[in-house]
Amino acid sequence: MSEMTCARAQARLTALLDAELTERMSARLRAHLAECADCKRHWNELAAAREMAQAWTVEGGEVWEAVRQEIAPGDFSALMAEMAALRAALQDVRAEVAALRRELAARPAEPARRPSAPLFPVLPPEQSLLRIV
Amino acid sequence: MEDDLLMQKAAAGDVEAFGRLVRRYQRRLVRFVERMTGDAETAEDAAQEAFLRLWRTRETYRPQGSLSSYLLRIVRNLCLDHARTGAAAARRERAVTGASWIEGPAAHIEAKSLAEAVRKAVHELPEPQRAVFVLSEYEGLPYREIAEALGCPVGTVASRKRLALETLRRRLAPWREERCPK
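Protein chains in written order, with this note's numbering: chain A, 1 to 133; chain B, 1 to 182.
In case anyone wonders, no lab produced these hints; they're calculated from the structure.
Some hints here could point you the wrong way.
What the hints assert, rightly or not - In silico contact screen, one side only, chain A against chain B (beta carbon under 8 Å); selected entries: (1) E3; (2) A7; (3) A15; (4) D18; (5) E20; (6) T22; (7) A49; (8) R50; (9) E62; (10) W64; (11) I71; (12) P73; (13) L100; (14) E103; (15) A105.
Even glycine gets a Cβ: it sits at the ideal position worked out from N, Cα and C.
Using the sequences provided together with the hints, build the complete structure.
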């Protein structure tokens, strides 16, 4: 097995960080890092650079709606037509409701109700059931 | 459902199956292009174009590797076209205005934050290194998949990644010292 020099070790540090080395090579490199302060410092600096790189975030937008409109214009047109029909129907309903409101507002106020006759009329004393009992 | 099966359905005209594929990969493509070009609008346009090309060729599409790699290859080529047209426009601008040089959106940004410093450092990497760095660090792809997407050997991916990370190590040294003073 050839000796792991610093130059050879440092050329493989990035691949070690990315877990792209064989187990055997990783073990050799880690053994070298345990003994070599220079390579260990280099390793720490690369690891810090990787960590700092994560500070730059990008959300990434969505494009499916735009793609769908291009590839299925028929479907899209049908959907739009359905929406237009629903919108027209809704406007008809709104117009009907508004007309009813106007009609209601134009009606003369109804006269106040007279008090209705009592359900059980008060009988004269001679006809009262209480008296019979 | 696997990509290949969804592509078979898409080839038969199933728009919803194709939609599942688009939704699966759209964010990755947009993020990749935005990081490569520094422009969110270009990123969405490129991703849209890649999916439209896939749709137009869905009946003849034969997978040679993963669908993700295929789509990344398309958007990467669109990025290269974008850079070429941008460079041509910059040359024309120089001829007209006499400006000494014009750079992309990331130029002249004084790095006021770590995120800006990283963005600037990544943007200034040579394009082949930038592509590898972005796919490896931000999309978490293994070297083999990056090689497939960029059409180069795995060893080339490894050496580009090493050079890119070494550049960032040097460029971000002031920030490292600020975060971890000796």
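To see whether the hints hold, each was checked on the structure:
The interface hint given for A:E3 is violated, since its Cβ lies 21 Å from the closest Cβ of chain B, which is over the 8 Å cut-off. Nearest Cβ of chain B to the Cβ of A:A7: about 12 Å, over the 8 Å cut. The hint is violated. Against a cut-off of 8 Å between C-beta atoms, the interface hint on A:A15 holds, since the closest Cβ of chain B lies about 6 Å away. A distance limit of 8 Å between C-beta atoms decides the matter here; for A:D18 the minimum to chain B is near 6 Å, and the interface restraint holds.
The interface hint given for A:E20 is met, as the beta carbon of that residue sits about 5 Å from the closest beta carbon of chain B, less than 8 Å. Interface restraint check for A:T22: the shortest CB-CB distance to chain B comes to about 13 Å, outside 8 Å, so the restraint is violated. For A:A49, the interface hint holds, the least distance from its beta-carbon to any beta-carbon of chain B being 4 Å, beneath 8 Å. For A:R50, the suggested interface contact is upheld, since its CB lies about 7 Å from the closest CB of chain B, less than 8 Å.
A least Cβ separation of about 6 Å between A:E62 and chain B falls short of the 8 Å threshold, and the interface hint therefore holds. Contact between A:W64 and chain B, as hinted, is supported at the beta carbon level, the nearest pair being about 5 Å apart and thus within 8 Å. Here the hint on A:I71 is kept, as its CB sits about 5 Å from the closest CB of chain B, short of 8 Å. Below 8 Å, beta-carbon pairs count as interface contacts, and A:P73 has none with chain B, the closest being about 11 Å; its hint is therefore violated.
Violation of the interface hint for A:L100 is found here, the shortest Cβ-Cβ separation to chain B being roughly 43 Å, above the 8 Å cut-off. Given the 8 Å rule on beta carbons, the hint for A:E103 is violated: about 49 Å separates it from the nearest Cβ of chain B. Interface restraint check: A:A105 against chain B, minimum CB-CB distance 51 Å, threshold 8 Å, status violated.
Consistency with the previously given hints fails for numbers 1, 2, 6, 12, 13, 14, 15, ordered from lowest to highest.
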